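Engineer: Now for the letters of each chain:
2 protein chains.
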Amino acid sequence: MDASPAERTPDTVGSLGEVATLARILPHLPAGDSTLLGPGDDAAVVSAPDRRFVVTTDLMVHGPDFRLAWSRASDLAWRAAASNLSDVAAMGARPTALVVALAVPAETTVAFLEEFAATLRLACDTLAPGTGVVGGDMSVSPTMTIAITAFGDLEGRAPVRRDGAAVGDVVAAAGVLGRSHRGLARLFAEAVDDEGAPDARIADRLRASDPDVAWHLAPRPPVGDGVLAAEAGATSMLDLSDGLALDAGRVARASHVTLDLDGAALGGSPADVRNALAGGEDHTLLATFPAGTALPGSFRAIGRVVEASADGGVTLDGRALAAAGVGDASGWDPYRAWSGAAG
Amino acid sequence: MDASPAERTPDTVGSLGEVATLARILPHLPAGDSTLLGPGDDAAVVSAPDRRFVVTTDLMVHGPDFRLAWSRASDLAWRAAASNLSDVAAMGARPTALVVALAVPAETTVAFLEEFAATLRLACDTLAPGTGVVGGDMSVSPTMTIAITAFGDLEGRAPVRRDGAAVGDVVAAAGVLGRSHRGLARLFAEAVDDEGAPDARIADRLRASDPDVAWHLAPRPPVGDGVLAAEAGATSMLDLSDGLALDAGRVARASHVTLDLDGAALGGSPADVRNALAGGEDHTLLATFPAGTALPGSFRAIGRVVEASADGGVTLDGRALAAAGVGDASGWDPYRAWSGAAG
Chain A
1 MDASPAERTP
11 DTVGSLGEVA
21 TLARILPHLP
31 AGDSTLLGPG
41 DDAAVVSAPD
51 RRFVVTTDLM
61 VHGPDFRLAW
71 SRASDLAWRA
81 AASNLSDVAA
91 MGARPTALVV
101 ALAVPAETTV
111 AFLEEFAATL
121 RLACDTLAPG
131 TGVVGGDMSV
141 SPTMTIAITA
151 FGDLEGRAPV
161 RRDGAAVGDV
171 VAAAGVLGRS
181 HRGLARLFAE
191 AVDDEGAPDA
201 RIADRLRASD
211 PDVAWHLAPR
221 PPVGDGVLAA
231 EAGATSMLDL
241 SDGLALDAGR
251 VARASHVTLD
261 LDGAALGGSP
271 ADVRNALAGG
281 EDHTLLATFP
291 AGTALPGSFR
301 AIGRVVEASA
311 DGGVTLDGRA
321 LAAAGVGDAS
331 GWDPYRAWSG
341 AAG
Chain B
1 MDASPAERTP
11 DTVGSLGEVA
21 TLARILPHLP
31 AGDSTLLGPG
41 DDAAVVSAPD
51 RRFVVTTDLM
61 VHGPDFRLAW
71 SRASDLAWRA
81 AASNLSDVAA
91 MGARPTALVV
101 ALAVPAETTV
111 AFLEEFAATL
121 RLACDTLAPG
131 TGVVGGDMSV
141 SPTMTIAITA
151 FGDLEGRAPV
161 RRDGAAVGDV
171 VAAAGVLGRS
181 HRGLARLFAE
191 AVDDEGAPDA
201 RIADRLRASD
211 PDVAWHLAPR
221 PPVGDGVLAA
231 EAGATSMLDL
241 SDGLALDAGR
251 VARASHVTLD
261 LDGAALGGSP
271 ADVRNALAGG
281 EDHTLLATFP
291 AGTALPGSFR
301 AIGRVVEASA
311 DGGVTLDGRA
321 LAAAGVGDAS
331 GWDPYRAWSG
341 AAG
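Residue numbers (UniProt numbering), protein chains in the order written: chain A, 1 to 343; chain B, 1 to 343.
FYI, nobody ran anything at the bench for these hints, they're computed from the structure.
Model, not experiment: these values are computed from the prediction.
A couple of the hints might just be wrong.
Listing some non-contacts, in silico: residues in chain B with all C-beta distances to chain A over 10 Å [said to hold, decoys possible]:
hint, residue
1, D42
2, A93
3, G168
4, E190
5, A308
Derived coverage of chain B by chain A (criterion: at least 3 residues anywhere in the stretch with Cβ under 8 Å from a Cβ of chain A; other residues may be distant) [claimed, not checked]:
hint, stretch
6, 51-58
7, 118-132
Just so it is clear, CB atoms sit at the ideal spot from N, CA and C, and this is done for glycine as well.
Work the whole structure out from these sequences, hints included.
Structural biologist: Below you can see the structure in the form of structure tokens.
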């Protein structure tokens, strides 16, 4: 007879070994509509109907990128899927498949990995239906690390790059601005114990009561709007992951223009505007469209493209960001910002 | 005036930041013949001429997978490229592109990463000419972690899977057997200091004097033989990464047959045979071909496919492995084998 669940030691990656752990995880993963050969061989085979595929890869490391006291397995899976699917969408492509490489401590439970896998499926089904997980790899590591690579199909369209914004275009955003940053700021300020260490119970309470916190832990980027933007003739597009100031500056630099943002459209108050400009990890789509385009999906206008300005690649209501009193455009650099505190 | 190089503190990932570090690395990477849009946007675009692509992903973690006292940046890049390119080859595909995700300690020098990138180019140019690095990601981590995802083109052929071996087929191997394992065993036995910690100077001496050690640190799999095998009609194929016993067992199980290996072809002596059977990380291609096939490239016969046997999926000269005195077929499991000593 088995012991009752409460008496059993939970299975861990270390106790079960690689083969048995993978056997437990694989049934939870989504098969996908583009999967010609899924996990189990040396490599997978994925459909690429228009003779090209879009590919992006993204790392999440325990410490700089997440705290296990705040993020559940389901949050990590959701964020990893969302950020990669959003990068595919930002090229104007339809996501088709993911591969997932996981390095986890040997004491990680198989239940944690099952929840991770099941949430990958849920995130794919929700954000980009038909996307499958076609393969992966696992290893042990003292530092939990998640590397996801995502693929997409351009369906015959040209990829929407960063360098096509033209003077006169409308600047538009699909998805929220600054919400992830607000949620993270609240976690840093409140979800810590008396010694300043991340606290899981406070984080759970905040998640339940504050949509910004819930959004930061499991963002819902408007993945489907990427294809809509490409079909509507977007001249440039990117995924907002490092804050509007930094990312809009990338479009400006690549396109040799200035993006003049509309303070009222960013929320109006200096605090709202600062938050939208500086806040990372929104996974909002930022795009430019020819003037007069009927903006598709959830896109709304937040500015316009003007001649390259001495005030910088990004201006606010025609003024340099510093002059407008909303700081500079330095954005977020994971290397410089990292405190080393993992939690 | 700049200080002389000897007086300068070397640039590190932490001191330089992500953007400047990437700017130093990117020029070293190979562009590739299949790259339609390379690094610098949200995602890359890669050519997939036959409307499918092959994809495999592989993690290398400091500790379980390598020791920095023994492996230089160039070794790590070479091994990471080789193991992924070999997985693509094992499907019968021609490698086209890689993406690279790196998590490194903040104190890692930019010079280390430049050497890593330059060796990726060299490995691609040597093992699979025309393969490009189309994108990647970087993060800081206390545990150096390398995640490479590789792509290939099937050129209209069916992928060569593990489940097609048929009774009567010849079992063949391209590349070395057991050499990586011999090299690693020598490093473990000799490249340690008096306290048992990995020693870089001894490892460098061994690398220069022992081809097995040099091979372990930077293996040269016969990547081009993958396409040749597919063209010659291989019925099954895989990349030998966990030892011949375990990997041949996978073909046997998937194909419902037994692979009977020829002891003489594995070196003859019990030590040679044991080493070939148990040694991991060879990145040799193991394939089966219909009897009478002219074996292509560097493939040579090492056995034949027989009816599934009560003696197991892999036998040696018609006998169970245990009965033949060469141990079992348990192979190598990175979870169970990991000591936690990183070095």
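Engineer: If a hint holds in the structure, say so; if it doesn't, say that too.
Structural biologist: Hint check:
Consistency note on D42 (chain B): stated as away from chain A, yet its beta-carbon is not over 10 Å from all of that chain's, at 4 Å minimum. For A93 (chain B), the non-interface assignment is contradicted: its Cβ lies about 7 Å from the closest Cβ of chain A, within the 10 Å cut-off. At the 10 Å boundary, the C-beta of G168 (chain B) stays outside the reach of chain A, the nearest C-beta of that chain being 23 Å off. Every CB of chain A is more than 10 Å from the CB of E190 (chain B) (nearest about 26 Å), matching its label as outside the interface.
Look at A308 (chain B): its CB is around 19 Å from the nearest CB on chain A, clear of 10 Å, so calling it non-interface holds up. Remark: the stretch 51-58 of chain B is confirmed as covered by chain A, as 8 of its residues place a Cβ nearer than 8 Å to a Cβ of that chain, reaching the required three. Check result for the stretch 118-132 of chain B against chain A: violated, 0 residues qualifying (beta carbon to beta carbon below 8 Å, three or more required).
The structure is inconsistent with the numbered hints 1, 2 and 7, although it conforms to all the rest.
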